[in-house]
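2 protein chains.
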Amino acid sequence: MQMSSERLVLSVDAMGGDHAPGSVLEGLQQIAKEKLPLHVLLHGDDAQLSGFLKAHPDVAEICEIRHTDLAVAMDAKPGQALKARKGTSMCNMLESVKSGEARVAVSAGNTGALMAMSTFVLKRMPGIHRPALTAIWPTAKGSSVVLDVGANIEADAEQLVEFAIMGSAYAKAVTGNNNPTIGLLNIGSEELKGVESVRQAADILKAGNIGLNYAGFVEGNDISMGTTDVVVTDGYTGNIALKTAEGTAKLVGGFIRESLTSSLLSKIGALLASGSLKQLKNRIDPNKANGGVLLGVNGIVLKSHGGANADGFATAMRIAFNVGKSQFIEDVEASLSKFHSEQPVIQETIS
Amino acid sequence: MQMSSERLVLSVDAMGGDHAPGSVLEGLQQIAKEKLPLHVLLHGDDAQLSGFLKAHPDVAEICEIRHTDLAVAMDAKPGQALKARKGTSMCNMLESVKSGEARVAVSAGNTGALMAMSTFVLKRMPGIHRPALTAIWPTAKGSSVVLDVGANIEADAEQLVEFAIMGSAYAKAVTGNNNPTIGLLNIGSEELKGVESVRQAADILKAGNIGLNYAGFVEGNDISMGTTDVVVTDGYTGNIALKTAEGTAKLVGGFIRESLTSSLLSKIGALLASGSLKQLKNRIDPNKANGGVLLGVNGIVLKSHGGANADGFATAMRIAFNVGKSQFIEDVEASLSKFHSEQPVIQETIS
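Sequence order for the protein chains is A and B. Start counting the first sequence at 1; every next residue gets the next number (this note's numbering). Start counting the second sequence at 1; every next residue gets the next number (this note's numbering).
What the hints contain is simulated information worked out from the structure, not anything from laboratory work. Among the hints, a few may not be true.
Identical copies go unnamed one by one, so any copy, or any two together, can satisfy a pair.
Said to hold, decoys possible - Derived pair list, reagent style DSS-like, types lysine-lysine, alpha-carbon separation capped at 27 Å:
1. Lys-33 x Lys-83
2. Lys-250 x Lys-141
3. Lys-206 x Lys-77
4. Lys-98 x Lys-123
5. Lys-33 x Lys-123
6. Lys-267 x Lys-250
7. Lys-35 x Lys-86
8. Lys-267 x Lys-141
9. Lys-141 x Lys-83
10. Lys-35 x Lys-172
11. Lys-250 x Lys-98
12. Lys-86 x Lys-123
13. Lys-325 x Lys-98
14. Lys-83 x Lys-206
15. Lys-206 x Lys-338
16. Lys-206 x Lys-86
17. Lys-98 x Lys-77
18. Lys-141 x Lys-325
Keep in mind that this is a model prediction, so the values were computed, not measured.
Turn these sequences into a full structure, and let the hints guide you.
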């Protein structure tokens with residue numbers, strides 16, 4: 001239960017998620033086995049958590065329970081949750097980051113509530129107008145970073161550029177690629193197509209002063225192809241794209257199952273190929289790429305999927321660890337200062 | 001080569017598409033075998049077409065070549081194509097619909113050019129502000145109708161309602177379902193979420209005066225689940241959703257191939273299950289659900305995928321035939337008149 005100064009401290013909401021706290025504890029059990037240099041502040045109900053920790057000394061070794069029996073309901077509206085935040089496991093988790101005690105927060109709780117509360121408690125990073133929810137998207141080439149996938153409804157050109165800056169720094173942090181390519185999601189690769197804000201953002205990114213590796217417009221099919229390492233869009237479009245992809249992967253998965261059980265011969269075939277099919281299932285399992293991150297607040301907030309199982313929660317913890325020990329915040333600050341030094345400054349005159 | 005008055009006349013652009021005129025002629029060959037009561041005005045280069053018709057009397061029997069050697073390039077910008085439209089196979093195809101000689105136009109040509117030229121030549125249906133490109137989307141329950149998938153960049157509430165009206169009538173025409181459910185694509189099922197235009201459209205559809213079967217908001221994953229028979233959205237979001245789904249299906253398809261060739265055992269398994277896997281390939285093959293339709297112009301314009309093969313073109317022809325013989329236009333007119341009778345009328349005062 002001791003904290004080492006060399007260990008990265010993660011603040012975890014043990015009460016968030018459809019299967020909490022079970023999925024959280026079992027996820028932590030996987031993480032404990034990996035012996036990463038981390039320490040967990042576990043916000044939740046002592047009565048529900050301590051038994052597990054007693055039974056699993058390896059988990060107890062990396063965890064410290066911060067008791068509360070108040071949790072944000074999965075179906076609470078963001079405004080309600082914000083109003084009644086005091087003392088909830090989600091709010092306490094964020095307060096640990098705000099105080100500097102922990103570097104990263106991880107929750108599988110109510111997304112809307114988490115975004116609202118994170119922005120309220122941690123405040124926005126200087127120079128960022130809107131935080132963005134960011135997804136890691138499996139692609140033909142590995143994975144790409146896609147943002148915003150739902151923190152906001154709209155985004156103007158300046159906000160899209162800020163998303164590009166944060167997405168680039170995040171891709172560096174999670175993939176180790178030092179010069180990630182950036183694409184702006186649009187409906188045509190021609191310069192004249194698309195919405196005004198996207199075209200204006202392209203002009204700013206093309207100017208090249210910010211130092212990002214801008215690669216141009218990309219279309220919906222480019223996301224899964226992995227055409228660029230980062231895909232930037234507004235939260236409405238990004239959320240619909242993400243959920244459409246999830247729905248499509250599920251549909252095709254269902255078709256595979258039906259096909260492989262449609263005849264005796266195909267059942268035998270499926271049995272022989274079962275190792276490979278299991279590998280396939282892993283590749284399209286959302287739990288294997290779990291962990292959206294809310295970028296643009298003072299601190300790093302990982303959002304695990306509400307329905308994630310232990311595997312999914314462990315994935316989110318690993319991402320949290322990697323981002324936490326990265327130069328993400330410094331990278332964003334450096335790019336932002338280049339961006340804003342290029343922006344026209346509005347002089348305020350004191351009359 | 002004789003036209004029967006009982007046959008539905010389709011006007012076909014033989015020069016449009018990446019594999020034209022080959023894919024068009026081979027698609028027509030499939031259609032000819034089905035002995036549907038249709039007649040085709042085939043706009044294209046006599047030198048390229050007549051040899052095939054001579055060699056295939058069954059195709060010749062349903063076709064009539066309308067010669068032109070001018071084609072719209074697949075990479076022409078819509079504005080350029082519109083300017084240089086005169087005498088092109090695409091323009092002549094549309095003129096045949098405008099004159100009333102044919103009921104439906106079918107082209108696998110340049111999408112942007114086809115949309116611009118269709119609107120210019122055929123004009124908008126009375127009461128429709130913007131035509132919408134409409135896709136048939138494979139779902140867990142069969143298929144759904146999704147619009148707009150790219151004819152426009154934005155849509156206000158009234159245009160979304162018009163899309164709902166056209167989508168409902170189109171679903172009736174192609175699926176035979178007499179009371180299709182309608183969903184508005186949004187980022188949350190809560191009433192308070194989403195963009196202003198979508199929420200306003202929901203209010204109009206909920207009022208129920210138009211007589212549509214409105215089922216509420218749907219999210220991206222609902223499209224492939226087939227939650228509603230019709231999904232309504234703006235062209236920017238719809239195009240990105242459609243292409244994202246195509247990219248995801250392709251990605252998962254690629255993963256399946258890799259998995260099933262990764263070991264000897266899985267190769268044997270794949271061989272045994274090959275019948276079922278072929279069936280699966282058919283289910284996710286875009287050629288099997290080919291044929292976007294441009295709704296909202298005076299006439300019906302089917303857009304086959306530019307890369308469609310003969311199977312794909314035949315699918316588009318079948319859809320064209322079904323819509324052409326349906327009550328689509330009458331249904332839209334009936335709903336529109338109910339919609340507009342409910343709209344506040346701005347009184348013009350002559351002073």
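Results of checking the hints against the structure:
Taking the closest pair of Cα atoms, Lys-33 and Lys-83 never come within 27 Å of each other, the shortest separation being 38 Å inside a single copy and 68 Å across copies. When the C-alpha separation of Lys-250 and Lys-141 is checked against a cutoff of 27 Å, the pair qualifies both within a copy, at 20 Å, and between copies, at 13 Å. Within a single copy, Lys-206 and Lys-77 get their C-alpha atoms only as close as 40 Å, which misses the 27 Å cut-off; across copies the closest is 23 Å, which meets it. Proximity of Lys-98 and Lys-123 under a CA criterion of 27 Å is satisfied intra-copy only: 9 Å inside one chain copy versus 60 Å between copies.
Taking the shortest alpha-carbon separations for Lys-33 and Lys-123, neither the intra-copy value of 34 Å nor the inter-copy value of 67 Å comes in at or below 27 Å. In the homo-oligomer, the alpha carbons of Lys-267 and Lys-250 lie at most 27 Å apart both inside one protomer (20 Å) and across protomers (24 Å), since each shortest distance falls under that limit. Proximity of Lys-35 to Lys-86 under the C-alpha cut-off of 27 Å is found in neither arrangement, the shortest distances being 33 Å within a copy and 72 Å between copies. Taking the closest pair of Cα atoms, Lys-267 and Lys-141 come within 27 Å of each other only across two copies (23 Å); inside a single copy the shortest separation is 31 Å, beyond that limit.
In this homomeric assembly, Lys-141 and Lys-83 never come within 27 Å of each other (Cα to Cα): the closest approach is 43 Å inside a single copy and 41 Å across copies. For a Cα distance limit of 27 Å, the shortest separation of Lys-35 from Lys-172 inside one copy, 23 Å, qualifies, whereas the shortest one across copies, 60 Å, does not. In this assembly of identical chains, Lys-250 and Lys-98 lie within 27 Å of each other by CA distance neither inside one copy nor across copies; the values are 38 Å within and 43 Å between. For the identical chains of this complex, Lys-86 and Lys-123 are intra-copy neighbours only, at 16 Å inside a copy versus 60 Å across copies, given an alpha-carbon limit of 27 Å.
For the identical chains of this complex, Lys-325 and Lys-98 are intra-copy neighbours only, at 17 Å inside a copy versus 66 Å across copies, given an alpha-carbon limit of 27 Å. For the homomeric pair Lys-83 and Lys-206, neither the shortest alpha-carbon distance inside one copy (42 Å) nor that between copies (31 Å) is at most 27 Å. Within a single copy, Lys-206 and Lys-338 get their C-alpha atoms as close as 14 Å, which meets the 27 Å cut-off; across copies the closest is 49 Å, which misses it. For the identical chains of this complex, Lys-206 and Lys-86 are neighbours neither inside a copy (45 Å) nor across copies (38 Å), given an alpha-carbon limit of 27 Å.
In the homo-oligomer, the alpha carbons of Lys-98 and Lys-77 lie at most 27 Å apart inside one protomer (23 Å), although the nearest pairing across protomers, at 53 Å, exceeds that limit. With identical chains, the CA atoms of Lys-141 and Lys-325 are at most 27 Å apart within one copy only, with a shortest distance of 25 Å there and 46 Å across copies.
Of the numbered hints given earlier, the model fails hints 1, 5, 7, 9, 11, 14, 16; all others are met.
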